[in-house]
Every structure is written in structure tokens, then in C-alpha cells.
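Asks: As a plain string of letters, each chain reads:
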Amino acid sequence: MTTEATKGKYNVIGTRPIRHDGYDKVTGRAIYGADIKLPGLLQGAVLRSPHAHARIKSIDTSAAKALAGVGAVITSADFPGSHDTLIDLGEGAINFRYASNNVMAGDKVLYKGQPVAAIAALDKNIALEAAALIKVDYEVLKPVSTVLEALKPGAPIVLEDLEGQDLGEKIDGQTNQANHIRHEFGDVEKGFAEADIVIEREFDTAMVHQGYIEPHNATATWDEEDRITIWTSTQGSFPTRRQTAGILRVPDSSVKVIPLEIGGGFGGKIPSYLEPVAAILARETGRPVKLLMERTSVFESTGPTPGTWMSAKVGVKKDGTITAATADLRFDAGAYPGSPVGAGMMCVFSCYDIPNTRIDGYDIVVNKPKTAAYRAPGATQAAYAMETVIDEICEKLGMDPIEFRIKNAAKEGTRRADGPIHPIIGAIETHEAAKASDHWNTPLEKNGPDGKLRGRGIASGYWFNIGLKSAVTISVNEDGTVALTEGSTDIGGSRASISMMAAEVLGIPAEDVRPHVADTEGIGYTDVTGGSRTTYATGYAAHDAAQDVVVQLRERAAKLWDVEVDEIEFANGSYQSKSDPELRLTHKELASKLGSTGGSVVGSASVDPEGAGGAYSTQICDIEIDPETGKTDVIRYTIVQDVGTAIHPSYVEGQMQGAVAQGIGWALNEEYFLNDDGAMVNSSFLDYRMPTSLDLPEIETIIVEVPNPGHPFGVRGVGEVPIVPPLATIANAIYDALGIRLRTTPMNAGSILSALEAKK
Amino acid sequence: MVEKVRVRATLNGEPVDFLVAPYVSLLDTLRDELGLTGTKEGCNDGNCGACTVNLDGRIVDSCCVLGAEIDGSTVETIEGMAEPGKLHPLQQTFLEEAALQCGICTPGFLIAAKALLDKEPHPSENRIRFWLAGNLCRCTGYDKIVKAVQKAAELA
Amino acid sequence: MHPFEYVRATSVDEAIAALAKYGERARPLAGGTDVLVMARAGRWELDALVDIKHIPETNVLELGSSEFRLGSAVACYRVYEDEQVAAKFPGLVDSASMIGGIQIQSRAGLGGNLCNASPSGDGIGTLIVHNTTCLIAGPNGTREVAAEDFCTGPGQSVIGDGEFLVEMKMPMPQKGFGAAYERFTPRNEMDIAVAGVASSVQLDGDIIVSARVALAAVGPTPILSSAGDLLAGKEATAENISTAAQAASADASPISDMRGTAEQRIHLVGVLTRRTLERAIERARENN
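Protein chains in written order, with numbering that gives the first Met the number 0: chain A, 0 to 759; chain B, 0 to 155; chain C, 0 to 287.
By construction, these hints were calculated from the structure, which means they are not laboratory data. All of these numbers come straight from a predicted model, not from anything done at the bench. The beta-carbon is built from N, C-alpha and C at its ideal position, and this holds for glycine as well. Misleading hints may appear alongside valid ones.
[Stated by the list, open to error] Computed list of lysine to aspartate or glutamate pairs in EDC-like fashion (alpha-carbon distance at most 20 Å, straight line):
(1) A:LYS445 / A:ASP625
(2) B:LYS3 / C:GLU80
(3) B:LYS150 / A:GLU510
(4) A:LYS312 / A:ASP225
(5) B:LYS85 / B:GLU13
(6) B:LYS118 / B:GLU153
(7) A:LYS759 / C:GLU262
(8) A:LYS758 / A:GLU391
(9) A:LYS123 / B:ASP16
(10) A:LYS410 / A:ASP352
(11) A:LYS107 / A:GLU581
(12) B:LYS118 / C:GLU4
(13) B:LYS3 / A:ASP122
(14) B:LYS150 / A:ASP203
(15) A:LYS123 / C:GLU80
(16) B:LYS146 / A:GLU697
(17) C:LYS87 / C:GLU277
(18) A:LYS451 / C:GLU277
(19) B:LYS85 / A:ASP352
[To be verified] Just so you have them, the derived chain A footprint on chain B, three or more residues with Cβ under 8 Å:
(20) 30-37
(21) 49-59
(22) 69-78
(23) 105-114
This is chain A alone, in the form it adopts within the complex (with noise of 0.2 Å):
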């Protein structure tokens, strides 16, 4: 069934269908990444770095290339020689020298797992054993692992010749502070003078990683005319193709990206890791080469999110109006600069309407691996601060806390504190909808059963989301179906929703939709799968070229017709000529006569719209602790959203539970567990501990829709906003059931004992 506000508007916009996709995702006939076969197929192994800093001061390979069944063995001797060059990947810049030696370490290892050799071999164990014959003579450095650690003076130095930026100005010397930028708007010194109640407070939350089921892979063949192809699992085929052109610098048109399906990304897949090795064994090799991640280097070499140190201060009059507001964000952003600190400071106070705000935001290297983005990346983070800091706002008030985020909502025309005015967005409406939630009007018992203690938190969020660039071509078979290409590959069930909105504009059931992904040869350029993106800018795509075949069929119908074009009236999928109402066709039976016609209909757009808007998520949580172990188990989890339109309402309904089960976890139990050396040691799905589906409850979800009018059919991003209130959410939440207030992350079992037992 639809959603309310769709009901009766659209044909197909709000109803769910099977995904097109589906029948092959529940049978085990798609094809992801790891699952490519072709003939003569090598197996790859990276051997990868066990310290956390360390020069390198030879590698020996030579045994391991004298292995039976060993084809080659790199290094990055075999790499073309790095070069700084900034390269925009949609979701974030990225240094082509930094990311080469991302890929396969220089001279130095800046992080445990990174890679410093690899192998193609017959089979994976002859690879497995070739690299454990590799020798590496390393030269151990100390490594510095907090943001605090690495502003100190003295702190070990991770890039050598990094040059670091404070507010425009170099840093002279060395440092590890890559970055710092400020957003600052009236006089805030002033506005917290005017308030009557100042709250500050300071955070820390631990780095954790995306979660995605499948690990990273890719296969590569290099041909005589060195152009190369690859196969594997990303968020994004043409920025995968820029960059592993990039670092292997040859042209972009010399690598053929070829996407198989995606076992989830969250924006860690966005970043290339295996595909220039790939690229390079294939060439060295001189056949298919497949490099398959194992998880524990999924945790210890790829993209997770930023540790941070934070604080928040807000100031608030006694009627609760903000006066002010400063938050200082300093971001890890591991081994290489690029932490998303910029996305969190354009996020943090964005749910309000604050007169005086200055945001200092850090990005600093650390001796771990360089982060990626994680889904609405850097705001979940901001919001932990501010969310938590309103909640103790609200309590010293004495204001209910959705009251008081209506009061200071940020609605059309609110300036964001980094400068951008708000569209049309539903903050208000998404609030609202929490007021009137089942869940928030039910009161909760405090005490549960064999002693534990409830509590119930509410926290509100914001992410801007993205449009970006993307392509669509459509073609309309005889038959009346039609053949849909893209490029955005299928990480949820997009090309479900995207199928939906051209069969809208043609009036045909989404059934009757092919979509299909294609590779970098096969379509336009598409940016990434993520921020939030896909249904928006995608869609919009299609639904242009589905346009662009209504505006073909109707010259169709008129040459049929041998009328004038304006004459013909497109409405309900048919065509009709309007002096003569029985000349009218159908969509499909105009399809059966284009042969006749002309030949093949052929559609397409490519579209860079900019008005994707922002989206809202409010959330509630009630939550149980036994006060004798900490435990906390969520007991009932409501999410409000304004999506703007939901396309296809169950999948909007599975980003935001899947959202806040990462969340749940963030909040809970994951964390990156360094030893003293600075390595993680928790790298396996027994430590790194994200909820079973015993650890989570239905997951309740309420959509809002406060339609997007920078898109044909009101689309907003859905994906990312409902993972940034769960942290502040939680930790209301204890707060109400402990009277503790916990601004470090994982809020753990541990640390819950050891605040109760610091209350006592």
C-alpha cells in the first residue's frame, strides 16, 4: 500500500513492487563480485603491514617468486611514481600520491594492514604461502593513535611532508594537523552573554567501521593495448575507473570498469584498494587476476569512520530560544588526510534556527587506516554532542524536548551556520510527527522486571544530501516494455525506484521496466552510490529520459497520424490527437508500430540537478539496563523521516531501519580496539561486535513527506539521515534510565558499570 501522501497522486510512485533484481538476489544466481569466473584466473594475496609506523627498509621477494605456482609478486617499485594531484570523487577529494600509497605502501607504513607487497598465484594458498615468504625488514616507529595525542608537541610525525593548514595559513614545520577550518556567523561572545542557561561539554567517540557483509574484491585483465578491465563490488564504476586510472596513471578511457553486484557499502566502497593490484598483477601476469579481501583486513585496511575528540557549547534564554552556539569537531582522519569533518560541521546545529554559531573542525592524521565516508559521514558524530547537550538543555529548562526543537527549528530560509539558506525542508513536520507518535504517547514503565532500569531518549538529525552527476537512457521495445541503463549501481533495491519513476512518466506498470547497471562503456557518467543520492539525482535522470521518449512518441504518433505534433496530447499513457478523439494509441500500442515509424525509440538525459534539499530524521528509544552487568538492550525504536516522496515505501522504510541498527551498534559495543601498539586487535565479527537480530527489536518507522520541489517527483535522500540521531538517542536514553550522563563511545557495558559505580 502507499503512504498516505501519495495515495491517489501517482500510478506507481508509492506502491511496492518486487525489485527487478530480486528473483536472482533470493535464488544465489546474481553475480557479485567474488563470484566472476574466467578462464585462466590467478588468485592474488596481499601481504600487509603488521605494524602501525614503521619505515620500510628493504623487501626481499625473491623466494616468493620462486615458488611453484606463483605468477608474479609486487611491490611498489612496480606502481608508477606517485604524484600530488587532487581529484574530486563526489563524496570527497583525494590525493592521487596519498591514495598510490594507500594501495601498496612507499617507503613508510603508516598503518597496521597496509599493504606493502602482493601475489597472483594458481590458487590462493600457494599465494597465501608465497607471501609469508616475503621478507620485510621493518624499521619500528611509535605511533600515535588519538587526535589529542597527535596535536601534542612532540607527537610522533605520520607524513613527513605533510603540509598542514590552520584557517588558511601554513603550519610551518611539521605536523599531523592536516587541516583546520572554521565557520563563524554573528557575534557568539554576545549571544551567550544574552543566555540564561550555557551548557559545555566534551566527547570522545571510538572509530568504527561500515559493517558491509561482503569484503572488498576485484578482478583485472591488462590487454595488449594496455587497457585494462575491471570487475568488482563499488559504490561507483566511473569514480572507481578515475581513480584507479589515477594512481596507475594511464587515461580514464583505458580502464573499463565492469560493476557486479554490491554487497553493501555504506560509503566504504567507495575508495579503490584492490583494483590498481589487480590491474598490476594482470599486467605482470599477463592474465585475469582476483584479489578477494579477507574480513580481517576489511576492519584493519579499508575506509572506516573518524575517532573524534569534540565539544559543544550552547546557550539557550530561559523561554528556550538558542542564542548561541560553538562546537570544535577534530576528526581522526587516519593514515592520510580527508576525514570527513567538513560534512559533520555543515551538519551539527543544522536542526535549528541559531542566530550566533562558530565551528572549528580539525582534520588530523593518525598512525590508522584513512577513513571513509560512513554514511552521512561526520554527522552522526556532530549530532552525539549537540543532541546530548540539548537533551541536558531541555532537562535544566524544564521544556519537553520536542517542544523545545519545534521552538528552534530550522525551517525555509534559515541560514545553515556554514553559510547555505534552507529550501523548503520538514524539520518541523518530522517533530510534529514525533509529538504525535504512538510510541512517544506511551508512557514507559521505569522499572522492568528482575531489577532493570528503563529510560527513554529522543534525538533529532540532519544530513544535506547530494545530487551529483548521473545518466539514464531508456529504450522502448516493440512489445512496450522498455530496456532502462544506468549507472548507479544497486546497493538497496535502487534501480527498483528508479524504474518506478519512468514507468510513471510513461504510464506503464514498473513491471515492464528492464533496468539495467551498466559498465563505464555502456552509460554516461554517473557519480557514486551514496549521499543520498541514487533515488534523487538517478531518478531525476530517468525521469528526464523518460520525458525525452514521450517527446519521441509523440512525433511517432504524429508521422502515424499525419498531423502536426502539437497536436498530439500525451496523458494516462496514451497518445491522442486532440482535434480527433479516436485517433489514440496506447504506450504499447504505439510501441508495436515504431518499426514502421523510424525505428527504435531511445531516450536519454544526463542530469547534475542541485536541488536535492536536506532531510530530518527524529527519533525515539526506550531502553533496558540491568544495573548489575550494564547491559543495555533497546526495547522500542521509533524513526521519523521526512523523506519528501517515497518512491517505493517498503525500501524507504529499510534504509531507516538498517540505519539505526548501525547506529545501535555505534552506540553500544563497536569500537576500534588498539593495543599499545597501536594495532587493532578486535578485527573479526566475534570483537567487532555489530547487533544479531536478537539484539534488536521491530524497528518502528513513520514517513513524512514534505515533497522535495528540486525534484520532479518531491524525492529526498533517504539513506543516510536516519544513522545520525542513534548515538544522542542512547545516551538520552541511559541518561533517563541511570541519571548518567555517558559522552564517550562504545557506551558499553563497561563503562556503564564504571559510572555507576563513580555515582555511588
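Using the hints provided, position chains B and C relative to the given structure of chain A.
Replies: Just chains B and C now, kept in the frame of chain A:
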């Protein structure tokens, strides 16, 4: 030089007869030797359930079983779950309830859920969650998976 | 990973012969959920795994008149799905249903859990409090070892080269016997104990005739705590239970690691001892 061993078993209802190196897992045997890539690798150490298959009537993590061990046994994988042209009710309800997003964990969940419903046709929600706790999903938060299992149970 | 042979033994003698052939470069294989993972991680370099699952004695699951025999290869699910065994040994059911998840329990058994000798093994303390005797076969015949003497260090046991665990025996529970195992884990399943306690009591009316308390994950091996002896002859009161819990905490010598701090573990041992003693007493009262 370790020689391959001969294995004879019943796989998805049909006899199979093949050679495999003794140290190769059942997971790799299915995927590489037998060409059945529907069973997935998530962790290779028994902690995520993506490699779940049914071995002699019990669900197991195939990464923790050797290919050589199934000599004389019966194995069911995702490729054998549907009948020709007809999905198993669980496969159908997973599609209707949108119980998959990226789909990588789906084969493991289907095999595990089928074993539950074959044994206990009307499990409670808690029992479903307990049974499926050995299968990790990072995309869905499990809500729609549980609902799909409940729906298949109701339909039976 | 060093390539290894797979040898399927169908008798105790065959297994002994196969293990003798490869010496310290062979290990017995039962459920495989620890052994295969560790072999792949390079914990040992092996030339052979000897599968002992096809030997009749390792599969025995037999409730006798005075003794319960549990084969070393018996998988966890057989323990809790056998109605009679489950009714007689709810403490074993506690452990068997906590090791991993359903997939693991289809293969892993309490025997393998014991031989793996992890300090946090969920079955070992339970075997100890059931007064289990372990039957080990090897080139010099068979020998018996009490469960509490089986583990000698983290991952180390009394099993020598060429030997393997064949079965475990424990007394059938008399009237007034009850046992329970509980652990603390951050997740509700698929986890490893931060701390675990197994308790058993033999009641006569309200008097605890004898008791055993064993601690998991708080020392280099599972620990048979002094708390059990403290309770002998005492009344089953909250106060006595509390004293026992404190003694158990005092017996714990945990380390701090990624799974928890020493302080947390000591505290948890006290809580879990109290809870499992209460549960064991409850079961003991029901078992009359």
C-alpha cells in the same frame, strides 16, 4: 604433495562425485570446485552465517566444514531451494516484504529460516530472532527479515 | 596455510594410528568450528586432521542408571534436542545453547569446547560442576582425567601428542541436584563470555550438602572456586549465597583485554555466581 580426495555426496537432491584438496573448506568447494556461487563468504571464521548451508538436516557454517568431510552426506544450498519455476514460500515472502537490500546475506538467511520452519512451523518472534542470530545482516536491521519469516509461517 | 591431509577414522584404534603417524603435526577434528579457523589462522602447521566424528564411542549420548556418557564429538544440538538429556541436565543445556549460534551448535560440541581449552569456554565450567571425568585414548591405552584438571593454560590441555578425548562421563543427577551456567556477553548470542559461572548444588531439604562453582574467562584456565566448599553443609539462604559469591570474586584472577577490564570481570563473577547458585537451587528443588 597433498593429493586431492574423492568425495561422493548428495547435493541439492542429486548425486555428486568430485575431487577436492583435503584442506579446502566446504564453502570454497561449493564456490570454486562445484561452481555454485550462491553461498557467500563474509568472514571465513564462523561468525556471520553468510556461508550457511544445510548439511544432513542441520544448518552449518560451510566455512567451518571441509569439503572432504561431506563424503556420504546430504547438502542443500540456496541453488536447490526453489523448485524449477517455483520459489519456496520464504523466497517469495522475502521479496514481498523487501527483506533484502544488498542481498549478500540473503542466501544464508533463507537456508537458516527454511530449516527453522521445517522444524518448527509456527515460531514466536523471539524464537525466530534467536534462531537467526547466527546470520548477520548490516543493511536491514532484521525487521523485514523477521516479518518475511512470520509471513511464510502464516501461509503454510 | 600449510596443506594438510584429511583422515577419517572409524574406530578408536584407527584414530590412534593416524595420530601416531603424524605426531605433533596432526590434530583430531570433531566439530571443526575452532580447529579449522585456527588452522587457517596459522596457529599450528599441520600435516593432517584426523576426523573422529565417525567413531561410535565419540557419538555416545547415553543416560545410564548411575552414569551419563557424553561422546566427545556429540554436537551441542543433540544435548538440547534430546528431551530426556535436556530434562536431566538443564545445566548442560545452558552451555550447549550458548556456544556460538545455531550453525555452530550443529557441529561444535562440549568435547571440542573442552579440548580447545579456552579460558572462556562456555562448556568447561559446566562439565566441572557436574563432576565430569574425561576419557582420553592414546598410544599407551586410555586414561581418565577430572574435568577440573583438564585445562593447563590458555589453549593448553593435558591431551598429549597422539591422544584424543573419546568421551566424558558424569554421575546421573540424584534427587536434589541442580546446576546452571550463566555468562555475561555484550551481545545476546554469537558471543564469547566476558565472565561466566557454572554452579551446581546437591540439596537435602534446605541444606546444601555439597556444591561446586566454576569460573570462566577470569584466569588462564577455568577455575574451580572455593565458593563451592564454603557452601557445604550450609543452609541455602541469600546470605550464604552472597558470601559464596564474594568468595568466587576473590578467586577470580582476570586480565583486562578488549573484552573487558579486570574490575568488570571480578564484579560480574560475583553477580553471576549469585544468579547461578539461585538457579541451581531452584532446579534442585524442582528435581525431587
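Asks: Under the criterion that the straight-line Cα-Cα distance not exceed 20 Å, is the pair A:LYS451, C:GLU277 satisfied?
Replies: With Cα atoms ~18 Å apart, A:LYS451 and C:GLU277 stay inside 20 Å; holds.
Asks: Against chain A, does the segment 49-59 of chain B show at least 3 residues with beta-carbon separation below 8 Å?
Replies: Violated, because only 1 residues of the segment 49-59 of chain B bring their Cβ atoms closer than 8 Å to Cβ atoms of chain A.
Asks: Taken at face value, is the distance from the CA of C:GLU80 to the CA of A:LYS123 at most 20 Å?
Replies: 39 Å, violated
Asks: Taking beta carbons only, do three or more residues of the segment 30-37 of chain B come closer than 8 Å to chain A?
Replies: holds (count 5)
Asks: Next pair to validate is A:LYS107 with A:GLU581; report whether the Cα-Cα distance is within 20 Å.
Replies: Given that 20 Å is the threshold and the Cα spacing comes to 77 Å, the pair is violated.
Asks: Does C:GLU277 sit within 20 Å of C:LYS87, going by the straight-line distance between their CA atoms?
Replies: Since the Cα atoms of C:LYS87 and C:GLU277 sit roughly 18 Å apart, the hinted pair holds (cutoff 20 Å).
Asks: Are the Cα atoms of A:LYS758 and A:GLU391 separated by 20 Å or less?
Replies: 18 Å, holds
Asks: Is B:LYS85 close enough to B:GLU13, meaning Cα to Cα at most 20 Å?
Replies: Since the Cα atoms of B:LYS85 and B:GLU13 sit roughly 18 Å apart, the hinted pair holds (cutoff 20 Å).
Asks: Against the 20 Å threshold, does the CA-CA distance of B:LYS150 and A:ASP203 hold or violate the hint?
Replies: Not OK: B:LYS150 and A:ASP203 at ~43 Å, beyond 20 Å, violated.
Asks: Can you confirm whether the C-alpha distance between B:LYS150 and A:GLU510 stays at or below 20 Å?
Replies: Given pair B:LYS150, A:GLU510 is violated - Cα atoms ~23 Å apart, limit 20 Å.
Asks: Hey, B:LYS118 versus C:GLU4, does the alpha-carbon distance stay inside 20 Å?
Replies: Violated, at roughly 36 Å.
Asks: Is it true that the CA of B:LYS85 sits at most 20 Å from the CA of A:ASP352?
Replies: 56 Å, violated
Violated hints, listed in ascending order, are 2, 3, 4, 9, 11, 12, 14, 15, 19 and 21; each of the other numbered hints is respected by the structure.
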